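**Student:** Listed here are the chains, written in short residue letters.
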Amino acid sequence: DVVMTQSPLSLPVTLGQPASISCRSSQSLVYRDGNTYLNWFHQRPGQSPRRLIYKVSNRDSGVPDRFSGSGSGTDFTLKISRVEAEDVGVYYCMQGTQWPFTFGPGTKVDIK
Amino acid sequence: EVQMVESGGGLVQPGGSLRLSCAASGFTFSNYWMHWVRQTSGKGLVWVSRINGDGTSTSYADSVKGRFTISRDNVKNTLYLQMNGLRVEDTAVYYCARGIGSDYWGQGTLVTVSS
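Chains as they are written, first to last, in this note's numbering: chain U, 1 to 112; chain A, 1001 to 1115.
Worth flagging that the hints you see were computed from the coordinates, not collected in a lab.
Since the structure is predicted, the reported quantities are computational estimates derived from the model, not experimental observations.
One or more of the hints may lead you astray.
Simulated pairs of lysine-lysine, BS3-like, Cα-Cα distance not exceeding 27 Å [what the hints assert, rightly or not]:
| # | chain 1 | residue 1 | chain 2 | residue 2 |
| --- | --- | --- | --- | --- |
| 1 | U | Lys-108 | A | Lys-1043 |
| 2 | A | Lys-1043 | U | Lys-79 |
| 3 | A | Lys-1065 | A | Lys-1043 |
| 4 | U | Lys-55 | A | Lys-1043 |
| 5 | A | Lys-1065 | A | Lys-1076 |
| 6 | U | Lys-112 | U | Lys-79 |
| 7 | U | Lys-55 | U | Lys-108 |
| 8 | U | Lys-55 | U | Lys-79 |
| 9 | U | Lys-108 | U | Lys-79 |
To spell it out: a stretch of chain A is covered by chain U in this simulated footprint if at least three of its residues, at any positions, have a beta carbon under 8 Å from a beta carbon of chain U; those stretches are [unchecked claim]:
| # | stretch |
| --- | --- |
| 10 | 1073–1080 |
| 11 | 1097–1103 |
Just so it is clear, CB atoms sit at the ideal spot from N, CA and C, and this is done for glycine as well.
Take the sequences, apply the hints, and build the full model.
**Tutor:** Shown next, in the form of structure tokens:
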């Protein structure tokens, strides 16, 4: 299975400041069709995960433009340009290139 | 509006069975792969199973292979997960998710396996 790792696992942030989460995969996530199936999800307590970013850098509808995704191959990053209070929760990267799809362990973001 | 509502969770003894359902609406159900994903506090989010749009292709995580069966009814717009031989370690919140990219998720249903 493809192992996904994230760092940091805990990220205290100051409102209005930037934040960055790293995600690494144990194998390249480039699929035979040339796409890289790396997604980012956000989960608030008591809620189901919500997809923010798909195929590395594409924002889902309704996702604020302060969220951006980048990376290639095995190294990926989620950035929040200016953290807002509603951004707290756990962020997961997830690979959909090789079955079984796998998630990272999650990065818990809270406000300092 | 895309909606998916899971049901069927509950408390079951080890070795028992449950069938989860995921009722979908707001999109052409038969056009999408559908997935079951579970979440525990210990192991995080884990993909359980997937099925293609017409139900002819399925995949399972090794941990549930031979015990769980995914299926769908494209007339009723409903996804199912038949879970047999349940183990304590199957205790989790089970979510259904839509599509290859898992862009929409249900609210989840809690399965507790305990004696």
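**Student:** Work down the list of hints and note, for each, if the structure agrees.
**Tutor:** These are the hints, each one checked on the structure:
With a C-alpha separation of about 15 Å, the suggested pairing of Lys-108/U with Lys-1043/A holds against the 27 Å cut-off. Distance restraint check for Lys-1043/A and Lys-79/U: the Cα-Cα separation of roughly 25 Å lies within the 27 Å cut-off, and the hinted pair is therefore satisfied. Of the supplied pair hints, the one linking Lys-1065/A and Lys-1043/A holds, its CA atoms being roughly 18 Å apart against a limit of 27 Å. Note on Lys-55/U and Lys-1043/A: the hinted pairing holds, with a Cα-Cα distance of about 24 Å set against a maximum of 27 Å.
Our distance criterion of 27 Å between C-alpha atoms is met by Lys-1065/A and Lys-1076/A, whose separation comes to about 26 Å. Taking the CA atoms of Lys-112/U and Lys-79/U, the gap is near 18 Å; set against the 27 Å cutoff, the hint holds. Using a Cα cut-off of 27 Å, the hinted pair Lys-55/U and Lys-108/U holds, with the two alpha carbons roughly 22 Å apart. For the proposed pair Lys-55/U and Lys-79/U, the alpha carbon gap of about 15 Å is at most 27 Å, so the pair holds.
Restraint check for Lys-108/U and Lys-79/U: the C-alpha separation of about 14 Å stays at or below 27 Å, so the hint holds. Here the stretch 1073–1080 of chain A counts 0 residues with a CB under 8 Å from a CB of chain U, which misses the bar of 3, and the coverage is violated. As drawn, the stretch 1097–1103 of chain A meets chain U at 4 residues by the rule of a beta-carbon pair under 8 Å; at three or more, the given contact holds.
Hint 10 alone, counting from the list given before, is not met by this structure.
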